[in-house]
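A.B. asks: Chains as they are written, first to last, in the numbering used here: chain H, 250 to 550; chain Y, 250 to 550.
A few of these clues could be false.
Claimed, not checked - Counterexamples of contact, computed for chain H against chain Y with all Cβ distances above 12 Å:
no. : residue
1   : 322
2   : 331
3   : 355
4   : 462
5   : 470
6   : 494
7   : 519
Said to hold, decoys possible - Not the full set, but computed from the structure, chain Y residues with beta-carbon under 10 Å of chain H:
no. : residue
8   : 362
9   : 465
10  : 511
11  : 522
Simulated from the structure, these hints should not be mistaken for laboratory data.
Quick reminder that beta carbons are idealized off the backbone N, C-alpha and C, glycines included.
2 protein chains.
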Amino acid sequence: MARQTVSHEDGAIYEFTPDLDGIVTVDPGTELTIETRDSLDGAVQAESDVIETVPEEVNAATGPIEIEGATPGDVLRVEIEAIRLAEEQGRVITIDGFGLLDRHDDIEAPRTRMTPVDDGTIEFDGLEVPVEPVIGTIGVAPDSESHTTLVPYDHGGNLDTTDVTAGNAIYFPVFQDGAMLAMGDCKAAMADGEMCGTGVEIATEIDATIEVIENAAIDLERPLVETPDAWKTIASAETLQAACELANRDAIALLAAEHGFDATDAYMFSSLVGGLEISQVVDPLVTVRNAVPKEYLSSPF
Amino acid sequence: MARQTVSHEDGAIYEFTPDLDGIVTVDPGTELTIETRDSLDGAVQAESDVIETVPEEVNAATGPIEIEGATPGDVLRVEIEAIRLAEEQGRVITIDGFGLLDRHDDIEAPRTRMTPVDDGTIEFDGLEVPVEPVIGTIGVAPDSESHTTLVPYDHGGNLDTTDVTAGNAIYFPVFQDGAMLAMGDCKAAMADGEMCGTGVEIATEIDATIEVIENAAIDLERPLVETPDAWKTIASAETLQAACELANRDAIALLAAEHGFDATDAYMFSSLVGGLEISQVVDPLVTVRNAVPKEYLSSPF
Chain H
250 MARQTVSHED GAIYEFTPDL DGIVTVDPGT ELTIETRDSL DGAVQAESDV IETVPEEVNA
310 ATGPIEIEGA TPGDVLRVEI EAIRLAEEQG RVITIDGFGL LDRHDDIEAP RTRMTPVDDG
370 TIEFDGLEVP VEPVIGTIGV APDSESHTTL VPYDHGGNLD TTDVTAGNAI YFPVFQDGAM
430 LAMGDCKAAM ADGEMCGTGV EIATEIDATI EVIENAAIDL ERPLVETPDA WKTIASAETL
490 QAACELANRD AIALLAAEHG FDATDAYMFS SLVGGLEISQ VVDPLVTVRN AVPKEYLSSP
550 F
Chain Y
250 MARQTVSHED GAIYEFTPDL DGIVTVDPGT ELTIETRDSL DGAVQAESDV IETVPEEVNA
310 ATGPIEIEGA TPGDVLRVEI EAIRLAEEQG RVITIDGFGL LDRHDDIEAP RTRMTPVDDG
370 TIEFDGLEVP VEPVIGTIGV APDSESHTTL VPYDHGGNLD TTDVTAGNAI YFPVFQDGAM
430 LAMGDCKAAM ADGEMCGTGV EIATEIDATI EVIENAAIDL ERPLVETPDA WKTIASAETL
490 QAACELANRD AIALLAAEHG FDATDAYMFS SLVGGLEISQ VVDPLVTVRN AVPKEYLSSP
550 F
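Produce the complete structure using the sequences and hints provided.
C.D. replies: Here it is in structure tokens:
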């Protein structure tokens with residue numbers, strides 16, 4: 250069966266709200282190709298195109314995709330099978346008022362660097378970087394509050410997490426009927442941290458299959474990502490320290506459920522394997538993850 | 250030539266001060282075996298041995314080892330060849346007032362878990378974890394202020410960084426004549442983050458070779474670690490965000506020097522490869538690193 254395509258031209262959102270309407274409805278298990286435009290909506294095509302301030306609308310997320318039968322309390326599983334670049338160049342930018350070193354005198358903002366892409370390689374000023382695409386913004390309709398696509402939170406959103414890539418699966422709590430999945434803001438490559446505020450921003454085509462998990466054994470409150478080797482809790486908060494606490498608490502809950510540990514033993518064990526990782530340090534909330542190798546954690550679902 | 254042994258019984262410090270005296274003087278290139286006791290000085294030998302509050306003296310660091318000819322402005326290179334466990338059991342503990350989740354009601358402190366070690370494997374309550382030793386505290390005499398061995402800073406100290414392990418090399422600025430290297434506080438295993446406040450604390454024997462780099466091309470201000478694949482700057486500060494800024498600035502300086510980038514281009518490039526990593530989130534200052542793969546950075550020395 251041919252994959253079903255959902256394009257940003259069919260619809261895209263700049264805000265995850267509790268009352269989203271789907272632009273398409275699909276059955277669980279449908280093989281999708283989701284077309285995304287770059288996070289800056291095509292505004293940057295040359296190094297002379299600079300972005301002075303963070304746009305009011307950024308990180309267009311293709312969707313919402315309504316998943317038939319998904320209801321609050323379920324878990325949505327998004328298996329990312331492939332991410333193909335849909336442009337021959339990406340862009341890396343700085344914007345005044347944004348980025349880890351925003352207040353540092355020698356950092357010039359705005360600046361744009363265009364990065365040609367050829368044969369699996371990105372060029373940045375003569376240096377070659379392998380294409381390793383990441384979905385920057387991905388999430389579902391939230392529980393009660395609305396969040397622009399610049400913000401990461403418990404519904405997902407602007408997670409900017411390098412593990413959200415081909416070969417991995419990401420899980421979200423379903424807060425609203427139909428889940429209302431949307432994604433965009435892809436990068437051809439990104440460092441953990443996304444320090445300057447972007448990776449190589451680029452349009453893509455994402456092959457993904459979405460499943461609904463009913464009666465999950467755990468109460469998933471925030472996104473969770475599965476790699477070939479590890480389960481990683483993902484948490485966003487105002488400070489890195491607070492995000493670490495949330496991500497560690499979620500990892501502890503998984504370890505306790507699997508091994509019959511109390512919270513303290515799970516906490517102590519979490520301090521021995523895998524560990525805390527930085528997703529991004531630049532968005533309105535910052536994001537970290539807590540990795541637990543699969544040797545110590547089977548599927549929590 | 251036989252390795253020269255330096256034992257904690259010869260001398261160990263609980264504070265890195267500017268005016269340390271060496272317990273031994275060695276020539277650069279001497280192959281050393283450094284014996285360290287566990288971070289709690291042997292006080293915890295059973296699960297009934299609990300540590301109520303953070304001891305005034307903790308993380309005994311074997312040394313100081315005076316390096317003949319090391320003078321301020323040089324760089325000290327410590328190549329870690331092997332770390333052998335010197336006990337048949339380690340311990341993981343919680344202490345009231347310490348650890349990422351210290352204020353959480355369901356985390357019990359103090360608690361001690363003893364972890365038997367056998368044939369390359371640590372046992373934690375029935376789970377097996379591979380032995381992957383880490384040197385928790387390692388540093389040199391600081392520039393002007395003194396720091397207890399509980400504190401990580403620009404001289405090193407309680408860095409609790411998983412990359413400080415066999416097969417890697419760590420570099421320090423030399424602030425004082427003789428450098429005055431000391432190390433201890435080893436773990437048989439530790440997660441990035443060291444969330445509960447310890448890894449598997451254990452006595453070890455460390456095989457290391459120390460070199461002095463004169464006239465270094467860069468002005469090293471803080472520790473730097475070299476793995477087979479990457480160079481990683483290491484920075485400690487009061488918040489994770491501030492530590493990220495320092496580690497990223499140091500990585501940018503290396504990238505700019507190597508590629509002729511200005512600070513902004515180096516910052517943008519640093520956002521594409523490797524990235525920020527968490528060392529520990531529990532000590533009086535917290536520690537992060539910024540990894541840059543070796544494809545993009547040759548030795549800065």
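A.B. asks: Next, verify each hint and record whether it holds.
C.D. replies: Comparing the hints with the structure gives:
1. 322: Consistent with the label, residue 322(H) stays out of reach of chain Y, its closest Cβ about 24 Å off (over 12 Å).
2. 331: About 21 Å separates residue 331(H) from the closest Cβ of chain Y, which puts it past 12 Å; holds.
3. 355: 4 Å, violated
4. 462: Label holds. Min Cβ-Cβ 26 Å, cutoff 12 Å.
5. 470: About 16 Å separates residue 470(H) from the closest Cβ of chain Y, which puts it past 12 Å; holds.
6. 494: At roughly 6 Å from the nearest Cβ of chain Y, residue 494(H) sits no farther out than 12 Å, so the non-interface label is violated.
7. 519: Residue 519(H) is in fact no farther than 12 Å from some Cβ atom of chain Y, at 6 Å.
8. 362: Holds. Min distance 6 Å.
9. 465: 22 Å, violated
10. 511: Cβ of residue 511(Y) sits 8 Å from chain H, so the hint holds.
11. 522: 6 Å, holds
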